[in-house]
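*Asks:* Here are the chains, one letter per residue:
2 protein chains.
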Amino acid sequence: MKMTLDILDDFIRGAAFLGTGGGGDPYVGRLMLKQELERGANIEIIDPDDVADDAFILPVANMGAPTVLVEKIPSGRSAVNTVRRTEEILGRKVDAVMPIEAGGINATLPLVVGAMTGLPVVDADGMGRAFPELQMTTFGVYGVKGSPCVIRDEHDNEVVIRCDKDSDAEWLARAVCIRMGVKCEIAVYPMSGHDLKTKGVLRTLTLSTEIGRSIREARETQSDPFEGLMNYLRHSGEKRFCKVLFDGKIVDLLRETTQGWAVGHVIMDGIGDYDGQMKVTFQNEFLAARKGDKILAMVPDLVCILDRETAEPITTEALKYGQRVRVVGVSVPPVMRTPEALAVFGPKYFGVSDTYTPIEDLA
Amino acid sequence: MKMTLDILDDFIRGAAFLGTGGGGDPYVGRLMLKQELERGANIEIIDPDDVADDAFILPVANMGAPTVLVEKIPSGRSAVNTVRRTEEILGRKVDAVMPIEAGGINATLPLVVGAMTGLPVVDADGMGRAFPELQMTTFGVYGVKGSPCVIRDEHDNEVVIRCDKDSDAEWLARAVCIRMGVKCEIAVYPMSGHDLKTKGVLRTLTLSTEIGRSIREARETQSDPFEGLMNYLRHSGEKRFCKVLFDGKIVDLLRETTQGWAVGHVIMDGIGDYDGQMKVTFQNEFLAARKGDKILAMVPDLVCILDRETAEPITTEALKYGQRVRVVGVSVPPVMRTPEALAVFGPKYFGVSDTYTPIEDLA
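Protein chains in written order, with this note's numbering: chain D, 329 to 691; chain P, 329 to 691.
If a hint is listed, it holds; no wrong ones were tucked in.
Copies of the same chain look alike in the list, so a pair counts if it works inside one copy or between any two.
In silico DSSO-like links for lysine-lysine, alpha-carbon gap of 30 Å or less:
1. Lys473 - Lys421
2. Lys400 - Lys473
3. Lys400 - Lys362
FYI, nobody ran anything at the bench for these hints, they're computed from the structure.
One chain only, chain D, in its complex shape (with noise of 0.2 Å):
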């Protein structure tokens, strides 16, 4: 599989879905992939399948808050530099590049690495959708260490961190993405592909481009575009639960930028069929979808904010007073759900709830 012109903005589209508001702006995202295919750049997608165990896999990514990633674009060359210094100091050549998330310019920052270097880009991601934190992968939950994390900014100063818990690597590298702007490249997580194949979240660039290309294909017959994404969600590949939470008009938004995130909440007036207000709270990716007193989604399940109209999926940074959403709800795969995943990444850890309930069983 490539990535090519044709089906980027399939790509793109669900990329965003699966950032659920994270990863930064599907749009600079996109025409940085652009630049890189218009100019003729080969970017080859390897299944896991096709990965030897042996393989040394890295993840690349952008770190810092979506409401900076719009202003401060994310480097494609020291993206390529913290690929190059990992493989400095591990002493071994990397084989394959990838995305530690699915979601918003995460998903895309790794194929322009891959335009840029030739390298091969793996159809796999760490999280299976967007997070805010570098403990909060798979990967970390089943073993892999994010250590050493190559830290760059295009300025060319370099971080490396090397913890023996992920998330004091967290703690020190957002102090260190602070001061570099609140946005930096890093490359973390260097893995075999053995654990990439048994740890990862798999095909997730596959699934990004179907979701967005169900949503396209609805909207190209007239039909309904959120038929068409729940249709593909509920009936292929892992048979997802999914469920319009809410249709309403945005009448508060609280968005600060702060301790090296967008944090905040927008509440809705019902509209259509809703009656009530609807309240997400978010720290870059949406964490919460509640309805008065009753929460409806939780995390880590997916909880997606999308245009009333067209489905096209809204960014945390990108939400406005008076836009009319509808809210979505996800579940995620079962390897997200066991009680080591909800350890690192489930309600508690952000405070939205002591325990964990499933979206199907909220509703």
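Fit chain P to the given chain D structure using the hints.
*Replies:* Coordinates of chain P only, in the frame set by chain D:
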């Protein structure tokens, strides 16, 4: 020359004096060093003239706020590990360690590393006093790079910083230091013997020991310890200018641990021959002494606060309401007063004064 129990107390007292309030509690450094000496450690101090031009010299230090260093004791093991990791990263064995600054714990920590590793310690430093920020060394001023800077904490978390500008390395390292608990061990400014000899402040361990001895010997002969101190400084070695600036009782003390430093001011009411008030500002180290509107001494000249009876140096974190103290100002060597040096650690950087006036001209 060796560090021995015979000269330990003199050395510590002198290092506290040159620390101008900063560099960490000398009592803590004394305990660490005493423990090593009592277990029979051999601590070799070598003269810069005996260092080969192509030797590999590595300054090692504690980074943090002195207010924190009294509660969170430096780790000799962690400091040794910064040395070992620098050796691994640069692929070369260290020939000798040395202090980055002449003051407080940071004068003693390299000697502890020497005791633990058998490495000799060079009789020199990069400040000739203590300064609060990493770029404020004569090494950096005259062209040695601070990077790679290896930072470690007592939990074996590690951060390696590489920046072209030492002030950028300070900016990133300070954020890491804060998140490590405002206390960490660092190895920084790896350099050649030639650089050390041409760009360092030489023989400051000897200077500390002799300053400490001059105070002790005066006390032992029932003479005025301030006379002993000033006699030594005026007539030995570099023949410093020095002057008692004020005698006073502390009536106001503002001391915050913020941004990774101890920052604030102390105000004294005049006693004895002195009337009015003196205000001394600090950022870890004492920066300037003002009597009313008139500035009497400013950084990089030394502003030292000593016990009014015993001439024991008092550090920033040990200042107390009601203390009877004497403020002494001392000139620094010409290498620290060049335009290049003043651009990095002159009064303008600290917001003390737009232009530097030497203490002898202010008198």
